[in-house]
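Novice: One-letter residues, chain by chain:
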Amino acid sequence: MADPMKIRAAMAGDKVEVKVLMSHEMETGQRKDAKGATIPAWFIQNVTATHNGRTVLSAEWGPAVAKNPFLSFRFAGGKPGDKVIITWVDNKGDKRTDEATIS
Amino acid sequence: MNSSRRTVLKGTGGAAVLGLAMVAGLFKPGSAWAEWNKAAFEVKTLNDAVKAMGGSQASESKDITIQSPDIAENGAVVPFTIASKIPKTEAMALLVEKNPNILAANFSIPDGTEPWVNTRVKMGQTSNVIALVKADGKYYYASKEVKVTLGGCGG
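Protein chains in written order, with the numbering used here: chain A, 1330 to 1432; chain B, 17 to 171.
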């Protein structure tokens, strides 16, 4: 199981600014190991953020997103105490869901 | 060295990869998930990426901004902020022209979410970076050159 995400959600004016740090290798499939064998690609493909059951951001990622991906975005309609839920799924079918409370 | 043994090893390796791909296909996430646009992540040029996303062509726009370092010391982690002032922005993508595959990330921006995203990508070498925006069904782009002193895609 992958390590938990670090999520911060805070009001920035009338919007909620969300910052997420995920823990993932994001292996490109381009690199070779010491023996010259290609290291298979292993990366997050889909990320979805929801607030009160509504999707506020969804993303499709390729292996070019940096290791331990960082993502920040802003959405309207949230208030302190609400929860923001973030889920990712990688190309091996592993997934991880974490949530944060808006401060 | 027995060469036929080599071949057999290679063969099983390939089969294993295929097996993994099939498993990944079988265990597709639920319907709440956007599909992963495999074709778009395999193309090499902006035009092909636009086509893979279902558009026909993209026109340059001054209403898209890309914030990033002009010179990235470490290509493995290059921070980008992309923003769009085009009304009805529905999606924003980040593309790195000289990476093995041009598309790095594509974000869907629902109503109520600001067309503003900050993330970090890998860059193999100095390259133009393109922010591609879909707004009201049409595609627009802006680009910026980022110099890389140490590539992030090599071994």
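It should be emphasised that the hints constitute simulated quantities derived from the structure, not laboratory data.
Treat the hints loosely; a few may be bogus.
[Said to hold, decoys possible] Computed list of chain B residues with no C-beta within reach of chain A, every gap over 10 Å:
id : residue
1  : S75
2  : T81
3  : D86
4  : S124
5  : N144
6  : G153
7  : K154
8  : A158
9  : K160
10 : E161
[As the list claims (entries may be wrong)] In silico DSSO-like pairs for lysine-lysine, Cα to Cα no more than 30 Å straight-line:
id : chain 1 : residue 1 : chain 2 : residue 2
11 : A       : K1335     : A       : K1424
12 : B       : K78       : B       : K160
13 : A       : K1421     : B       : K101
14 : B       : K101      : A       : K1361
15 : B       : K101      : B       : K67
16 : B       : K154      : A       : K1361
17 : B       : K60       : A       : K1424
18 : A       : K1348     : B       : K154
[Unchecked claim] Computed beta-carbon distance windows for the label pairs:
id : chain 1 : residue 1 : chain 2 : residue 2 : range
19 : A       : K1408     : B       : A68       : 37 to 47 Å
20 : B       : P103      : A       : D1362     : 42 to 52 Å
21 : B       : T165      : A       : G1358     : 16 to 26 Å
22 : A       : P1333     : B       : P95       : 34 to 44 Å
23 : B       : K154      : A       : G1365     : 27 to 37 Å
24 : B       : D64       : A       : T1367     : 16 to 26 Å
25 : B       : T165      : A       : K1408     : 28 to 38 Å
Cβ coordinates follow ideal geometry from the N, Cα and C atoms, glycine included.
Novice: For each hint given before, does the structure comply? Return the numbers of the non-compliant ones in rising order.
Specialist: 4, 13, 14, 16, 22, 23, 25
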